[in-house]
Amino acid sequence: MGNDDLAQSASLFRAMGHPIRLGVLDRLRGEREIRACDFTEYFGVSQPTISGHLRTLREAGLVRTRRDGTQICYSLEPGALEVVRRMSIHLAGPGLVGVCE
34 MGNDDLAQSA SLFRAMGHPI RLGVLDRLRG EREIRACDFT EYFGVSQPTI
84 SGHLRTLREA GLVRTRRDGT QICYSLEPGA LEVVRRMSIH LAGPGLVGVC
134 E
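Going from the sequence shown to this note's numbering is simple: count from 1 and add 33.
Bear in mind the hints are in silico, worked out from the structure with no lab data behind them. Quick reminder that beta carbons are idealized off the backbone N, C-alpha and C, glycines included. A hint or two may mislead.
Unchecked claim - Just the calculated beta-carbon pair ranges, DEER-fashion:
no.	residue 1	residue 2	range
1	Gly102	Glu64	14 to 22 Å
2	Ser44	Thr73	21 to 29 Å
3	Val78	Asp38	29 to 37 Å
4	Pro52	Glu92	15 to 23 Å
5	Arg100	Ser44	20 to 28 Å
6	Gly63	Thr103	22 to 30 Å
Please model the complete structure; the sequences and the hints are all you need to start from.
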């Protein structure tokens, strides 16, 4: 794993490091698109709070947006999730078993 891969993975994991942001990704996994206002109702937080979380996810490249009139719709960015999947598999690999024994 190269330094660029590690830096990208760290950025993605950092963006996912809040329960609401992780919850947003989980909700998007089950639905094609969700409007920003639907997240405020679901998580019971203010619109500025959810906007900040969505901005973090968007800037990390984990979600993409589409404007529908005055609404902004969010969906998962599959490429970024593939990086997360590969790093998770890499970290779960057999290399750490028995290292300190």
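Cross-check of the supplied hints:
1. Gly102 x Glu64: 14 to 22 Å: Holds, since Gly102 and Glu64 (Cβ atoms, about 19 Å apart) stay within the stated range.
2. Ser44 x Thr73: 21 to 29 Å: Holds - the Cβ-Cβ distance for Ser44 and Thr73, about 25 Å, lies within 21 to 29 Å.
3. Val78 x Asp38: 29 to 37 Å: holds (33 Å)
4. Pro52 x Glu92: 15 to 23 Å: Because 19 Å falls inside the window, the suggested range holds.
5. Arg100 x Ser44: 20 to 28 Å: holds (25 Å)
6. Gly63 x Thr103: 22 to 30 Å: holds (25 Å)
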